[in-house]
Amino acid sequence: MAGKKPQKAGWTRRDFFNWMLNVVMGVIAILVAIPSVGAAITPAFHNAAPVWVNLGAQTGLQQSSVQAGTGGVGTVVKAPYSYVEVDHWAKLPAADYAYLRYIGGSCAFYILSPICTHLGCHVNWIQADNQFHCPCHGSVYTVDGLNVSGPAPLPLGVFRWKMVGNDVWVARESTFTHAHQRTTESPTEPCLKEA
Amino acid sequence: MYTRIVRWIDDRLMVSPLWRDMADHPVPAHVNPSEKVSAFVYCFGGVTFLLIIAQFVTGMFLAMYYVPDIINSYNSTKYIMHHVLFGLQLLSMHNWGSSLIIIMVTLHMLRIYWMGVYKKPRELNWIVGVTLLLLILGFGFTGYLLPWDEKAYFATQVGVSFTKYVPFVGPALLKILSGGSKIGAATLTRFFAIHVLFLPAMLIAFLGLHFLMIRRQGITGPY
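Quick note, the sequences are listed as chains A and B, same order. At position 55 of the first sequence (counting the first as 1) the number is 55 in the working numbering, and the numbers step up by one without a gap. Count along the second sequence from 1, then add 1000; that gives the number in the working numbering.
Just so you know, nobody snuck in bad clues.
Listed below are the simulated DSSO-like cross-link pairs for lysine-lysine, each with C-alpha atoms no more than 30 Å apart in a straight line:
#, chain 1, residue 1, chain 2, residue 2
1, A, Lys91, B, Lys1151
2, B, Lys1078, A, Lys91
3, A, Lys91, A, Lys193
4, B, Lys1182, B, Lys1151
5, A, Lys91, A, Lys162
6, A, Lys91, B, Lys1182
7, B, Lys1036, B, Lys1120
The hints are simulated quantities; they were obtained by calculation from the structure and are not laboratory data.
Looking at chain A on its own, in the form it has when it is part of the complex (with noise of 0.2 Å):
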């Protein structure tokens, strides 16, 4: 500033360009930030759309429940179901199973999600005692996968179906509960069967 006139009190040339600079840096900041932030906050407006998978043979299925049922009336079977996991950039193999019961009437089927409502353990099928236990806090679940015990909040998730061709397809939702979570206990049989 040699040379220069005494600045006068107040707004000065030295607080203009303080000013200034802050601004240039401020915005080159948020531009920055803008496009960071949106990347690491994006996966709350990801929402995942149900995958449906095949179970196989409407008639197969059916028989395999009544076979481990008594006198016809159907039980809980494993179904077991492989599909192609799409995460994220990766496309891989995936398998799992639904709990499948043959129920009869103009429903059918009435399939459970084998993931335990409390911390997402998969629950294990117990013909015996006519319930499912899950094998990390001990839960217990009715056949209609009603909790009955243990620290298991709520109900086991119903998986939507529907019939394409002769084949039975269920949707599988989120990893975390695999299907359609029941808030409250209660329909005991929901018929989730789709056109």
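With the hints as your guide, set chain B onto chain A.
Below, chain B alone, put in the same frame as chain A:
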């Protein structure tokens, strides 16, 4: 509020004087663009530093999605471009920023060279500066491979092939640089590690030296 927080910290650590010492540090009138517009040539180094900070930030966020693996790196890059919120912008900023840095460091070096300010007593800072230039070129070279597309693959093939011509140790160098006898999975992980771990660590260290020396020795005019 702001003043109170600053005072609270200063009561304990007295950091304000350190900050003021940096922020209010006087520079000669001839390097101040507000005195003489042509003095903007003295800003190339500072602009490079700003761009480097932006590269650090964008790079950290890109690493949330990028996978250094021959099966997934191309797909994860595509995922960033098409499915991540502002992902294309983030990737582009990192991509364009790298080119801008190389332009700015070149201009910075030319300014130092033409003004002859590398001369005694600033030879050490010149050496550190050239090292920084090499580190930045290293960033560019290793980062280029990471999307694992065709251009990346063959550009890297050409780039590592140069090492063949180093006398005696050439073939060994080629294998060390590419992590094997061809450009493949090991090259990608190697380049990724160099790009995000080794080079940033060295860059920070050398930038620190660079700034300490310029502060110690001050700015000198053109000779």
